[in-house]
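Under UniProt numbering, the residues of the sequence shown are numbered 1 to 460, in order.
It is possible that part of the hints are untrue.
Cβ-Cβ distance ranges computed for the label pairs, FRET-style [to be verified]:
#1 K355 <-> E375: 40 to 48 Å
#2 E367 <-> R38: 40 to 48 Å
#3 K357 <-> A255: 25 to 33 Å
#4 D263 <-> T81: 54 to 62 Å
Think about it this way: if two alpha-carbon atoms lie no more than 20 Å apart in a straight line, the pair counts; the simulated DMTMM-like pairs of lysine to aspartate or glutamate are [claimed, not checked]:
#5 K20 <-> E41
#6 K107 <-> E118
#7 K69 <-> D125
#8 K212 <-> D263
#9 K298 <-> D285
#10 K54 <-> D311
#11 K54 <-> E73
#12 K357 <-> D260
#13 K69 <-> E52
#14 K254 <-> D285
#15 K357 <-> E367
#16 K254 <-> E73
#17 K355 <-> D260
#18 K107 <-> D125
#19 K357 <-> D310
#20 K403 <-> E271
#21 K105 <-> E128
#22 K254 <-> D295
#23 K403 <-> D260
#24 K348 <-> D260
#25 K212 <-> D167
#26 K102 <-> D125
#27 K20 <-> D10
#28 K298 <-> E393
#29 K54 <-> D216
#30 K254 <-> D387
#31 K212 <-> E118
#32 K348 <-> D385
#33 K348 <-> D366
#34 K69 <-> D216
#35 K355 <-> E367
#36 K254 <-> E271
#37 K254 <-> D385
These are calculated hints, taken from the structure and not from any lab test. Glycine residues also receive a C-beta, built at the ideal position from the N, C-alpha and C atoms.
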Amino acid sequence: MASPNSEDEDELLSRNFTEKLSSASRKPKKDIPATIFRVPENIRRTNLESFEPKMVSLGPYHRENQRFKATNERIKLPYATNFFRRLTTGGMDVNLVPLMVKIIKHKESDLRCAYSEEIRMNSNDFVEMMMLDFAFMVEFLWEQAGGNRTQMGEYSWKWAAPSIINDMLVVENQFPLPPLLFLFYAYTADLHRHDTFSTEFTKFLCHPFMLKIHHDLSPTSTSFTLTSSARSFENSSHLLHLFHSSLVSVLREKAITRLDVVDLSSFPSAEMLHAMRIQFANKTDGSSFLDITFDSSKRSMQIPQLVINDDNVSLLRNLIAFEQQCHWIYNYISTYVWFMDCLINTGKDVAVLRKHKIIVSRLYSDEEVAHIFNELRRTNAPVVDFDQFYLAEVINNVERYRKNKSTRLWALWNFSWLRQNYFKNRWVTIGVFAIVLFNLLIFVLTLVQTVYAIRSYAKQ
């Protein structure tokens with residue numbers, strides 16, 4: 001029988017828990033889902049530098065970092081100054097700043113909702129931060145599209161712009177795009193031409209920026225185009241989302257087949273596929289580096305070129321982090337990394353792909369490239385949707401090809417592959433033949449002994 005004190009404690013515990021549930025239900029819900037997230041700590045620890053900006057901070061997540069205090073004044077302020085000067089001297093209303101303050105205050109709730117964490121800043125500081133970041137971002141994009149260059153002293157050096165570009169694609173360093181549109185709609189006082197503006201903004205500011213990024217990733221993919229429709233722009237939450245959408249826009253139009261392979265760990269590596277007479281080729285007409293195809297009749301796997309360097313690996317990490325945190329985004333980059341991890345087990349697999357100009361490495365060794373893909377799959381892209389595996393058709397066709405008996409026999413008796421892997425050194429060659437001869441001799445002696453034993457038994 002429970003004591004009175006125990007019953008009181010149970011009642012108190014029940015009351016406290018009920019109050020917590022009620023308190024949680026009373027919290028105001030966000031009007032719009034968050035689109036700018038913090039990277040989970042377990043993923044951040046794998047490569048801290050990839051998920052933090054180097055020169056400029058956008059938004060609230062890294063604003064208080066002391067190293068950005070100076071760069072905000074010496075980089076962002078000159079760009080913002082040029083932005084307002086260019087608009088006012090170009091015949092624009094000189095009251096642009098008060099108008100922007102009014103609009104951002106009106107949209108402040110939506111702007112705060114774009115971030116997954118509660119932003120603990122007062123209204124004035126938040127609005128000022130948004131205005132500065134907005135003006136800087138638009139002016140920087142304008143400069144990259146061929147506009148007048150902003151002078152920033154030592155920050156005008158050539159290395160500054162690539163570092164800023166990388167910072168603008170860090171998942172925690174994003175600026176919400178929809179309010180940017182709203183600002184221009186209100187400023188032009190013509191809400192009926194917002195479709196035209198979205199198209200022009202994407203074409204003249206975002207397209208050169210995105211084209212440069214993709215060219216650095218995949219220089220030979222000549223068919224990459226940034227869709228400039230107003231809807232695609234408005235549906236993009238930020239620049240990283242817009243770049244992701246541009247990578248997958250063509251792939252989204254293709255039907256996705258069901259993946260027949262249960263265990264991808266058994267999928268052959270590039271070296272093994274090469275032994276099965278599958279020819280690798282650098283695909284130059286792909287829509288992006290994700291556009292991989294396989295033609296079983298020609299035994300040809302076409303993969304667009306990918307440049308592996310520190311900046312591009314960092315971009316891949318941020319694209320994957322964005323996919324992994326947004327449940328409404330298909331995991332195209334994560335799926336690509338899974339597939340490349342299947343192809344690449346060791347540096348020898350990288351060498352096969354590098355020979356056919358599919359991989360261009362700026363790293364020290366092929367083994368380092370192999371390690372990066374293995375790590376990306378294990379730590380950054382642990383989850384993919386196998387029901388929406390956009391490379392399912394490629395994998396299914398490869399599996400059907402490799403199950404062909406002639407393919408298996410060719411792989412088994414591909415002496416050129418054996419010679420490449422085992423017979424490079426003459427002492428290794430001598431050792432292999434010695435082992436083969438020794439085992440053959442043992443087999444013959446065993447056979448002779450068995451025959452004599454049978455004959456002796458028959459005589460008895």
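Hint by hint, here is what the structure shows:
{"no.": "1", "hint": "K355 <-> E375: 40 to 48 Å", "verdict": "violated (23 Å)"}
{"no.": "2", "hint": "E367 <-> R38: 40 to 48 Å", "verdict": "violated (33 Å)"}
{"no.": "3", "hint": "K357 <-> A255: 25 to 33 Å", "verdict": "holds (30 Å)"}
{"no.": "4", "hint": "D263 <-> T81: 54 to 62 Å", "verdict": "holds (58 Å)"}
{"no.": "5", "hint": "K20 <-> E41", "verdict": "violated (27 Å)"}
{"no.": "6", "hint": "K107 <-> E118", "verdict": "holds (16 Å)"}
{"no.": "7", "hint": "K69 <-> D125", "verdict": "holds (14 Å)"}
{"no.": "8", "hint": "K212 <-> D263", "verdict": "violated (37 Å)"}
{"no.": "9", "hint": "K298 <-> D285", "verdict": "holds (18 Å)"}
{"no.": "10", "hint": "K54 <-> D311", "verdict": "holds (12 Å)"}
{"no.": "11", "hint": "K54 <-> E73", "verdict": "holds (15 Å)"}
{"no.": "12", "hint": "K357 <-> D260", "verdict": "violated (29 Å)"}
{"no.": "13", "hint": "K69 <-> E52", "verdict": "holds (15 Å)"}
{"no.": "14", "hint": "K254 <-> D285", "verdict": "holds (16 Å)"}
{"no.": "15", "hint": "K357 <-> E367", "verdict": "holds (17 Å)"}
{"no.": "16", "hint": "K254 <-> E73", "verdict": "violated (47 Å)"}
{"no.": "17", "hint": "K355 <-> D260", "verdict": "violated (30 Å)"}
{"no.": "18", "hint": "K107 <-> D125", "verdict": "holds (14 Å)"}
{"no.": "19", "hint": "K357 <-> D310", "verdict": "holds (19 Å)"}
{"no.": "20", "hint": "K403 <-> E271", "verdict": "holds (17 Å)"}
{"no.": "21", "hint": "K105 <-> E128", "verdict": "holds (10 Å)"}
{"no.": "22", "hint": "K254 <-> D295", "verdict": "holds (16 Å)"}
{"no.": "23", "hint": "K403 <-> D260", "verdict": "holds (13 Å)"}
{"no.": "24", "hint": "K348 <-> D260", "verdict": "violated (28 Å)"}
{"no.": "25", "hint": "K212 <-> D167", "verdict": "holds (15 Å)"}
{"no.": "26", "hint": "K102 <-> D125", "verdict": "holds (14 Å)"}
{"no.": "27", "hint": "K20 <-> D10", "verdict": "holds (15 Å)"}
{"no.": "28", "hint": "K298 <-> E393", "verdict": "holds (16 Å)"}
{"no.": "29", "hint": "K54 <-> D216", "verdict": "holds (19 Å)"}
{"no.": "30", "hint": "K254 <-> D387", "verdict": "holds (14 Å)"}
{"no.": "31", "hint": "K212 <-> E118", "verdict": "violated (34 Å)"}
{"no.": "32", "hint": "K348 <-> D385", "verdict": "violated (29 Å)"}
{"no.": "33", "hint": "K348 <-> D366", "verdict": "holds (7 Å)"}
{"no.": "34", "hint": "K69 <-> D216", "verdict": "violated (30 Å)"}
{"no.": "35", "hint": "K355 <-> E367", "verdict": "holds (15 Å)"}
{"no.": "36", "hint": "K254 <-> E271", "verdict": "violated (29 Å)"}
{"no.": "37", "hint": "K254 <-> D385", "verdict": "holds (16 Å)"}
The earlier numbered hints that this structure contradicts are 1, 2, 5, 8, 12, 16, 17, 24, 31, 32, 34, 36.
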